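Asker: Read top to bottom, the protein sequences are chains A and B. So for the first sequence, the working numbering puts the first residue at 304; every next one is plus one. So for the second sequence, the working numbering puts the first residue at 70; every next one is plus one.
What the hints contain is simulated information worked out from the structure, not anything from laboratory work. Warning: the hint list may mix true and false statements.
Just so you have them, the derived chain A footprint on chain B, three or more residues with Cβ under 8 Å [unchecked claim]:
(1) 109 to 118
(2) 165 to 178
Some, not all, of what chain A presents toward chain B, calculated at C-beta under 10 Å [stated by the list, open to error]:
(3) Val-307
(4) Leu-349
(5) Phe-394
(6) Gln-408
(7) Gly-411
Here the structure is a predicted model, which means the values were calculated and not measured. Cβ coordinates follow ideal geometry from the N, Cα and C atoms, glycine included.
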Amino acid sequence: GAVVSQHPSWVICKSGTSVKIECRSLDFQATTMFWYRQFPKQSLMLMATSNEGSKATYEQGVEKDKFLINHASLTLSTLTVTSAHPEDSSFYICSAKSEGGGNEQYFGPGTRLTVT
Amino acid sequence: DAKTTQPPSMDCAEGRAANLPCNHSTISGNEYVYWYRQIHSQGPQYIIHGLKNNETNEMASLIITEDRKSSTLILPHATLRDTAVYYCIVGSSNTGKLIFGQGTTLQVKP
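Could you put together the complete structure from these sequences and hints?
Answerer: Okay, structure coming up:
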């Protein structure tokens, strides 16, 4: 149980284009999902909290107009990187929060984005 | 959210127990201790969490001191596949947010 998937697993796009990444909780419902970014040899950095049916909450320094988050259902959240630039190249990881007492999170396998 | 302090790296012999320490001296009453691990180029894997009691599951044991200011993750019989970065995180059960530190790189050696 508690499986989270991401699609695509990797993507290469040209500078100036937009890329959408999907995050799905496969066997549980998640009212809250999270998006992280990880650069090489660094730890995960929380970008935003995605709440089903409401606007996402972004961490300080994360541009909400550049990283569009939509959480349209209890099993799907999407992150769209708009007008991508090479510096947006990174490993993007989502997680879904368990609704159990401990609120532990289950992570997707990540999406490797390369902007050329 | 309370911060955690972990050693940057540790080695462990295959088949032996791996004991990973974590300090979280500023933890507050409603904050849980979570442990995750990340194998290279994969998403983090949930291991275990606890509030104040010791916990055990099929992967590991979590020992939390009585004052809750530190904890130890125990992998009872480490294998080469346990080589990973282990993150100890203190998180609020209200927001659910997890703030990752640098973690401990555990190297299990034959």
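Asker: Broken hints, numbered, in rising order?
Answerer: Hints that this structure does not satisfy do not exist here, as all of them hold.
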